[in-house]
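**Student:** For reference, the chains in residue letters:
2 protein chains.
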Amino acid sequence: MNLERIQNTDLLDKVITAKEAALFFENGMVVGSSGFTRAGDSKVVLKALADRGKEAQLKITLITGASLGHDIDGILADTGMLAKRMPFQSDAVLRKHINAGEVLFIDQHLGETAELINNHHLPEIDIAVIEVAMIKADGSVVPTTSIGNSATFIQNAKKIILEVNLTIPTNIEGIHDIFFAGDYPHRAIIPITQANSLIGTTSIPLDVSKVIGIVYTNVADSPASIAEPDTKTIAIANFLLDFLRNEVKHGRLTTSLLPLQAGIGKVANAILEGFVNSEFNNLTMYSEVLQDSTFDLIDAGNLTFASASSITVSEKCYQRIFQNFDSYKNKILLRPQNISNAAEVIRRLGIIAINTAIECDIYGNVNSTHVYGTKMMNGIGGSGDFARNSYLCIFVTQAASKGDNISHIVPMVSHVDHSEHDVDIIVTDYGLADLRGLSPRERAVRIIQNCSHPDYRPHLLDYFQRACLQGGHTPHLLNEALSWQARLIETGSMKI
Amino acid sequence: MNLERIQNTDLLDKVITAKEAALFFENGMVVGSSGFTRAGDSKVVLKALADRGKEAQLKITLITGASLGHDIDGILADTGMLAKRMPFQSDAVLRKHINAGEVLFIDQHLGETAELINNHHLPEIDIAVIEVAMIKADGSVVPTTSIGNSATFIQNAKKIILEVNLTIPTNIEGIHDIFFAGDYPHRAIIPITQANSLIGTTSIPLDVSKVIGIVYTNVADSPASIAEPDTKTIAIANFLLDFLRNEVKHGRLTTSLLPLQAGIGKVANAILEGFVNSEFNNLTMYSEVLQDSTFDLIDAGNLTFASASSITVSEKCYQRIFQNFDSYKNKILLRPQNISNAAEVIRRLGIIAINTAIECDIYGNVNSTHVYGTKMMNGIGGSGDFARNSYLCIFVTQAASKGDNISHIVPMVSHVDHSEHDVDIIVTDYGLADLRGLSPRERAVRIIQNCSHPDYRPHLLDYFQRACLQGGHTPHLLNEALSWQARLIETGSMKI
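Keeping their order, the protein sequence lines are chains H and U. Mind the numbering: the first sequence is residues 1 to 496 in our numbering, read in order. Mind the numbering: the second sequence is residues 1 to 496 in our numbering, read in order.
If you are wondering where the hints come from, they were derived from the structure by calculation, not from laboratory data. Treat each hint with caution, since some may be false.
[As the list claims (entries may be wrong)] A few chain U residues that face chain H, going by a derived Cβ cut-off under 10 Å, partial list only:
id	residue
1	I106
2	F305
3	N389
Backbone N, C-alpha and C fix where the C-beta goes; we use that ideal spot for every residue, glycine too.
Construct the entire structure; sequences and hints are all you get.
**Tutor:** In structure tokens:
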């Protein structure tokens, strides 16, 4: 018995093994699990469920915060037990099953899933599996390195399994800010007015009668793999930093900018590292994930506060944070993902949103999810939540890749996640296109000239000019619009 | 001198003729004008500007609330003086110039334009032309039948011309609720928690030193043309009402539903008329436009309150309202369009959003703006503001039209305004597809089976099945995806 970790005495007799917990799951169940970008996920219960699933022939719907660690998404998919999965994933094995049509995936805005559950627009959650650092005397639980949708799952699930992670120091208590806006028609204002606004409680309220099992685990989060900045990502970062400097010069922003949101990945990492030791100071973040670069910026003194829904860092950074956790505690905050990604807050704070595109078209539409318009990569994640309501909506991508056989600027994107109405800035390693105040024909010229790879530039211009001969507000040649992606499928290259 | 209409004595000597007012405009200017869906637009100053423009060879950028009445958009476009136009239009003549590439049109979310102006992401407004009912002693102005972007134009413009409309009764004062959220980084909460929340002032504050002219007008708004419900629109309305009844039956909604938003047009009209004398009561609207059907619902006793950004009604309805205006005053409210369309409020109130699609694809993406993916119809209007953050996002369209030569359900939409992530329900005259909780492959089957026209159904199914053989999360055949629209251009029919 660990009385520090389980402070509610009614729950002490609920401690079971992961294998016992796995027996609670039945065919057809809807499972809500903690976990957001590999942080704070279930380490042993979902694994034990997968072990059982192979023989039990279970089919479940799995809803999480976002992606999970420890390859569990792939392991579950390989057992054939994942009937449906939402709202996000980034697992190569699961992806294969999704694109084969074997797992029905629902690609949702990360800020929406909790809404859909609360509004009963999704089936009821049968069991929630939630990683926690501790259970308080009142039964409320302190999450670990992510909140994700855990608060919503706990409120809505019929039954709850708690996974108490002993590797998480108990002094993590205090960095979570749990808030519920309530149900329609009496929804409350989300009263966040700054990245560091505290509006809720430090633990998630929980009805202890719903707890059917508590499992201990000693497994840490899967570490994030951090790709070092390279020539291309540094070029993108520099174009973007120059753009921001110009905004400061024209008085539209100060050197503190406005709260930053950055997607995960190499480019976002390079951009955030670009702020280190720059003239930009008193920066804040209101984002989804606290990454290595977040803590680098805090340590460098450029970033004063960061709010997100998870801490997803490399093993090295993880050690650094948790060995000096109290020194970071007043500089970071984790929130439920429907709060970190709330349209209301994003618009009110005036977020500068930086996300990665798979491809952009000459009119500024962005594909964030589908390769060739058909194959799911990871999912839209929070990019739509932020892009739609941000102060500045910035998308970054390489101009070309794979031996320059793929142009990431195309005549027409093969799937639209972010429409021309929402995209302000596109940046590649060849340059930056500021699309504010431009009509589609003006945008086309600017994107082609500033952002496209020189090998493709004349062909993009040629397409645009021939399309203009046919007229239209957004000139396109429908028989040719998707031919670049079709050629890539057929020949392995977009080259003409 | 009309001392009731111009109560600020400093401004009495500013009264000029429209022709004199037109002389203030110079080449290259950015003009912000009142007017939202034909209501509250400038009747005489823009007309005088057009008269002058023919010879003066002026080129201006014109920003409004939304569409204008009195054919002024077409008249201005025909003079060649419209260099750039935003954020919306619905004029056949202007549309022709836009699609010929002669007028650079920026199709914006109606809730965004004020943001872009406040954030200096658009060029500064040189002159604002604002229709008002009266000028108060403190210089503040009472708008007429719309607010649109008038408050933002008045706050941001270098100079202001006021058009005092004598046809608008002065007892209109009191139905406007003007609120400013302030500038970044200190933006305020928009504290609306119900459709009828009063959060601001009844007139727009104005710096009288910026007023360069006041012009009287006696011209009324262009009346709305109301299309009577027909077989198709009644079928759509009935499918939707049945769906809502089922939501009530399952306890997800009550018979008061949640606040309604409805786009303009025949279908929206039929749907709203369908609520008259139904079991749905104590309804509220939080929408963009108060239409004839709004007042019919109020008169029938089903609708208790309606908030919007304009009153756009038929001549008959106009008489009815303004002859009994005091009886409607406590049941309606007009707000700036960045408040009526604010993401924050739409999500908080839980709007049921009903908008019209030009075409929907089998995966639930919606095109609201572009015919053949190239030619602009009117613009996205507020549909994106509402679709993105609503409680239920509903799109309606005919299954087929033009002698059934056009299928409005297609393999892939030729332009995406609303992505599959946001669309909950699609309704045609053949049925309703509830897409909540469905993956793309499930959505395709449901949309094809429930919504498509029987002539096209087997061909849509055939496309989907062949695409599935190629695999993918969202199966498509890129060489064929846009072939239906291409065939329509070539042959005048989508028929295979």
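**Student:** Now look at each hint and say whether the structure bears it out.
**Tutor:** To see whether the hints hold, each was checked on the structure:
With a least beta-carbon distance of about 5 Å to chain H, the hint placing U:I106 at the interface is held under the 10 Å criterion. Taking 10 Å as the C-beta cut-off, the interface hint given for U:F305 is violated, the closest approach to chain H being about 13 Å. Annotation: U:N389 was flagged as interfacial toward chain H, and the flag holds, the nearest CB pair being 5 Å apart, inside 10 Å.
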